[in-house]
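There are 4 protein chains.
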Amino acid sequence: MLDEIRHAAARQRTARAVRRMKADCKRLLGEKGELGGMATATDLIERLDSLADEELEEFFDFLAQDLSPDPQSVLKLAQAYAEQPDAASLLALTQAAEPARQELFRRLNRMPGGTEAVLRLRRALLKRLKARPELQVIEADLLHLLTSWFNPGFLQKKRVDWNSPAQLLEKIIHHEAVHVVDGWEDLRRRLQPDRRCFAFFHPQLRDEPLIFVEVALLPEMPSSIAPLIDKASTPLPADRYRVAAFYSISNCEPGLRSVSLGNFLIKTVALQLQRELPRLRTFCTLSPIPGFASWLLSEPDLSLLPSTRKSALAELEAARERLRKLCKGDLSALQGPAVHEHMAKEDVAALELLCSAYLLGLSPTPAGDPVARFHLDNGARLERLNPRGDMSGKGLRQSFGMMVNYLYDLSKVEASHAKFRQGEVARSRAVGSPL
Amino acid sequence: MLDEIRHAAARQRTARAVRRMKADCKRLLGEKGELGGMATATDLIERLDSLADEELEEFFDFLAQDLSPDPQSVLKLAQAYAEQPDAASLLALTQAAEPARQELFRRLNRMPGGTEAVLRLRRALLKRLKARPELQVIEADLLHLLTSWFNPGFLQKKRVDWNSPAQLLEKIIHHEAVHVVDGWEDLRRRLQPDRRCFAFFHPQLRDEPLIFVEVALLPEMPSSIAPLIDKASTPLPADRYRVAAFYSISNCEPGLRSVSLGNFLIKTVALQLQRELPRLRTFCTLSPIPGFASWLLSEPDLSLLPSTRKSALAELEAARERLRKLCKGDLSALQGPAVHEHMAKEDVAALELLCSAYLLGLSPTPAGDPVARFHLDNGARLERLNPRGDMSGKGLRQSFGMMVNYLYDLSKVEASHAKFRQGEVARSRAVGSPL
Amino acid sequence: MLDEIRHAAARQRTARAVRRMKADCKRLLGEKGELGGMATATDLIERLDSLADEELEEFFDFLAQDLSPDPQSVLKLAQAYAEQPDAASLLALTQAAEPARQELFRRLNRMPGGTEAVLRLRRALLKRLKARPELQVIEADLLHLLTSWFNPGFLQKKRVDWNSPAQLLEKIIHHEAVHVVDGWEDLRRRLQPDRRCFAFFHPQLRDEPLIFVEVALLPEMPSSIAPLIDKASTPLPADRYRVAAFYSISNCEPGLRSVSLGNFLIKTVALQLQRELPRLRTFCTLSPIPGFASWLLSEPDLSLLPSTRKSALAELEAARERLRKLCKGDLSALQGPAVHEHMAKEDVAALELLCSAYLLGLSPTPAGDPVARFHLDNGARLERLNPRGDMSGKGLRQSFGMMVNYLYDLSKVEASHAKFRQGEVARSRAVGSPL
Amino acid sequence: MLDEIRHAAARQRTARAVRRMKADCKRLLGEKGELGGMATATDLIERLDSLADEELEEFFDFLAQDLSPDPQSVLKLAQAYAEQPDAASLLALTQAAEPARQELFRRLNRMPGGTEAVLRLRRALLKRLKARPELQVIEADLLHLLTSWFNPGFLQKKRVDWNSPAQLLEKIIHHEAVHVVDGWEDLRRRLQPDRRCFAFFHPQLRDEPLIFVEVALLPEMPSSIAPLIDKASTPLPADRYRVAAFYSISNCEPGLRSVSLGNFLIKTVALQLQRELPRLRTFCTLSPIPGFASWLLSEPDLSLLPSTRKSALAELEAARERLRKLCKGDLSALQGPAVHEHMAKEDVAALELLCSAYLLGLSPTPAGDPVARFHLDNGARLERLNPRGDMSGKGLRQSFGMMVNYLYDLSKVEASHAKFRQGEVARSRAVGSPL
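Protein chains in written order, with the working numbering: chain A, 12 to 446; chain B, 12 to 446; chain C, 12 to 446; chain D, 12 to 446.
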């Protein structure tokens, strides 16, 4: 009984808060000048932050339903434009077809703290999308706007080194997602002269890195990650650098998911390094293959692969059989270190064959591996598989220790990107196609 | 004969150049990833700059016609949305209703030099709009995008002083549009401790001021401009400042016309000065009235003014008559200095009355005076008329020497702005309404 | 036999190297213009760094003997000056009486890397002084020059905070000499808003802090160190700060020993904090008493103290006796934590009495405690003794856990300093004098 | 009568002010620690600035007489040192032989504003030296200290360009002493990409340039100044630069006279330009010859020149005779433009011969020309005479329009400097010696 009363009171509070938010949003949208509603917008930004969960849910409903274009009005304006396709009718139509929430977000974005508020809103939205697909209409608008606001042309690339503010380095340690930074001493090694780290910043979020990339300068293309992140290793002299290996790229702001910053970062960093160190000949990555193990362990029906040659299928099956035998029937043994200690050359070859099948789009979902998709879509090519590339627990679990180099040939990335969009994966000769 | 051949050749060249531009634009729009078409975009940016006049005309035609939404497709999608107003149909509709040129401009803007290219394009467009109103569809999109890109939240306010780079000061001298800066010594005086200058910058156009405002710190509200810009005047000590008078605001980038930056600049400057100098009590302007003289000289039918009181009209007519007599029939004599030397108190009052009628929206076009409209729409109020406020040649020609103070009471600007949008002009008691 | 040959060869090498150094020094001193000998000086700087130990010993001999003024020449010039005390004879005398090594050091100091080289030389010299007192003549010149070069007027004070370069913070961690910094998390706490850290830098040694001080902003004068350096403590809001407590001051450059920087640093920091936080009323330290325990354990003959009252001596002896009993005869038990757990009020009072005797100059060497001498000579006054102020191992060993506050009353420091020079120690009433 | 009374009163005031200054100076010198007397020093700095002329005269007397070493004490200590040349006796002697005013200046220099105060004092002193040679003892100490404080190692070289603060550029305009800067437009030209300007700054005088040099980047060694300072000239592209011509070097701080900064500035600028523009092959000057005309017009007895060959004297006399004829007896006609318009080749040769005699040390005072002495002592060599090099009024008056290039061959400057100190002037073959 008491509980019921309490719930009713809470519902009332929620209702009141959301009613007030809605009213403010409408008032803000009603303002004609840029000036109108500055106080309202500031107020909204502040209140957005303190919404309880249910209030937020209702607010999302409001954004999705009340601030979508009115179907009948749009239809009428579309008819008018079809009859008389002139400037006036087009302008009316364009404005009516644009969801009003876009303008709402733009007005919030104008005020101090607005950009952060919109990013936080999107973070909250992304968490709910799976459960509430109807909110996808909001997401479309947010992604559209953020892509424009976080335009690479507006971003600032900065080098991060041991001379950077501790405040920033602390964030780098926190956000490094690929190869965990084990404290300040570890970071220190990653910022020495034969390592480079670059981050993108946005003028509105002055001290917040958006994304950063870590690069190792090396005499040759690396085949395993351990030496690159070894705290005790000694930096090489600059005249030995021939290869720039991108070994880690991490996003810091979940509210920017799908706003592509990584490709621009990699490319501007590669261009800058080339200018600075003209002896560099190769720009590549040393990348994990996060989906390989779980794919193989899911016992995929290899005959369903878009393979064209019969022999290819046979080879793949033979490779799998070989590994099964090695593991005494349980392929997941490959996720532990023991099996790897006495693998024959042929076992390794079998593992490589299956991995190249996985990466080269033989897997049912061609976009199965997010890292592969990222680099291939950027126009990189699959250069080399590296068995025993990452023998850490995580490396074994993800991909039986296998790593891969993607090669960025700046003169070819546009062409490779275009081909990849048509389904063709660029690869070096070293990576034999099992097809 | 030769001429004809030459013309034909030129036409062919133009046609070829424009054909190539069009093809590139379409290719760029066809790219799906952000990466695709980086080279194409860079190329387009460069070529845009070297288009001959006719080529540019044709390019604008292409933007207006080929990159507008297709009426039939939009109509179909609007019908689909009306039938099934869900996320998918809305997304399809929104995308189809947005003119493709918006995406084109966005993609140019991503590349180095892109923002400048778009600004130059708009400058060229604005010059042609009057003659070619059908290009208004392009202008709508450009204004929409630039308003978003030059969002005050993305701008950086910087103080300009005698310690600023000469390069920047040179631009300030060049762009000062209200009270011409007569060389470096003049500027030097305007940057001394009792004067302030602030400018907005955009991260993409690092060293280019977009707009700047000049402020004088004074013991009381100023009634004439000459002492403010007197090179030989001595700065007052800081403890005497009570009034911050904005006496000049100038835009530097014609490509940003109608992108409102001035109101934000004035307000953030006022807030900063208030923090820095807590003894300041008044924030006002000392402004020109650029349209007053030409309005009065056009012999307007005063009875057409939206006047409600009969007596008001009579008073206005009497005032005009008085001035006519003073000028021996030719009101334009008020644009010379001689008449002003022996004006009676009543003559001055007559001039003030007519000026307040002009400013208070009695003039047929309520937005007749651009400076008045700017400040009133910002939420300032008409505070005081200042006869003999600017006795320079320009001041006499524009407004018979009359100047005006607009008052910014930060706690009231939102309300005043809202009222102004409904047709009501905020004014102090000192400004008698002739209505 | 072979050994002998080897030694002879080594001696020859040493002799050669030193001969060359000497010749270069003389050549450099022979140059008349500033320009002459730039190459020689650069060369010397480099070679100084690679001298072997014996070579350095010989080089010091050379500096001490060959570059001292020639007694007979000086005597003659002193006679000439006594006979005719004019400008010419004075100039000749002054120049002849100045050891030539001063000019040598000045010329090294002009070149890039010269200042560092001179500092390194002094570090090496200071280590040898005890064993070779005849080198004191070099030390006198070095101290004279460095005091002039590291003039506080030439130094730059910078705030160190969590936004400082990691490179600098690393040095702070390394050089903190009073309360060891236990890693980056510890440092982070010491740089939060209620803690301040300031360092002095020299333009020639750009990224090298010379000395730094750590300050805690508190509501009242602190009585124990543990809460100040507790990593987990929560910063207080700024409106609660009333006291600035200097709790650690560390030199970073051993080559600057006896070049007094600390007093200027404390005073400029105090002045800056007073400006920034006008509510601060008290500037004090929380200081260790490094020599107290070893003094008491040395069983000093208290009757030898410059005590004037008989009763004072009796009180002191009684206090010592009380503590002896508490410790069952062995006072060093006070250096362990156990005894402290059940000390009676009277035991604590006894300890305080002995400590104040030690600090107030009753100890045979009035300058017995270096920290006390530093602050008292700076003009601070002895404000309060804090039993159990530092119960760490180091604190117990040094001073049986006792700490002391010195108070900096900026309006009185000059007077207190003057008195201290005449043997009088300024103290608050709270610190009873056992005299 | 009244006048006498007034004078007496003034004398009394002076006496009082000086008495107080003296007392303060002595108190300051009596302080033992660095801390003591901070207030006294600050006070002295302030009062130094407001001393009337007679007060300053008396203060200089005090510095010269009272703060010189005591002859008898020094003599005694010199005897003691001669008897027992150990560390203690040396230290005592060194301290006693150093004039106490050195320590006074050092203590002033430690305080804020102290460096400026000492510089101002020296400026006042330099003006009086001629009339009061006994003050030379003060000057010796000031020069000694300032040379140490304005050690090039402590200075900061900064590039001055069109992006520099207007405040700094204004000072450059003001201090340019060689070729007057005719306003901002003139300066602007001198700061374009094919011109360079560098200045030295001292950390204590943050925004005050001490000395600056202007450089023109050119395809060949310049023979006349007009094109270099032509406001309307167009900058050359960077790939054409082969020669860096130093065409103006100006001191900004008269209090630093004789503290040599120019040679270091020229050399570090040359080194930097060489690094930055590896195609530069020649570093030279285009310099005035300020003393040439007045020397020739003084009708020097050429036979007194240290000429060794008889024929040389005859040649020189013949050249002078030739010019006399050209000028119809009055050589000063060469200071006007008319004569130069119809000079025969032989007349020009005669002028060159006499000029080279003047510069090559044939003139009775070998250091006759200050500009020549400066560059030759820096190790530059006399490279080429340029008749008609500066046809401005000043150029004609100073040197009949003649200019000279000095060449800086960085690999030879030390050797040339050494030779010059032994009386030998380095010259190119192009400059025929009249000897």
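Don't take each hint at face value.
[As the list claims (entries may be wrong)] The calculated lysine-lysine pairs, modelled on DSSO-like cross-linking and capped at a C-alpha distance of 30 Å, are: (1) C/K430 / D/K169; (2) D/K278 / C/K37; (3) D/K37 / C/K37; (4) B/K169 / A/K33; (5) C/K182 / D/K168; (6) A/K168 / B/K182; (7) C/K169 / D/K169; (8) D/K37 / C/K278; (9) D/K182 / B/K182; (10) B/K169 / D/K169; (11) D/K37 / C/K182; (12) A/K169 / C/K168; (13) B/K182 / D/K169; (14) B/K182 / A/K37; (15) D/K169 / A/K168.
[Stated by the list, open to error] A few chain A positions that, by computed beta-carbon distances, are all more than 10 Å from chain B: (16) I184; (17) P238; (18) P246; (19) P248; (20) L308; (21) E352.
Rather than coming from a laboratory, the hints here were simulated on the basis of the structure.
All residues carry an ideal CB built from backbone N, CA and C; glycine is no exception.
Quick check: which numbered hints come out false for this structure?
1, 3, 4, 11, 14
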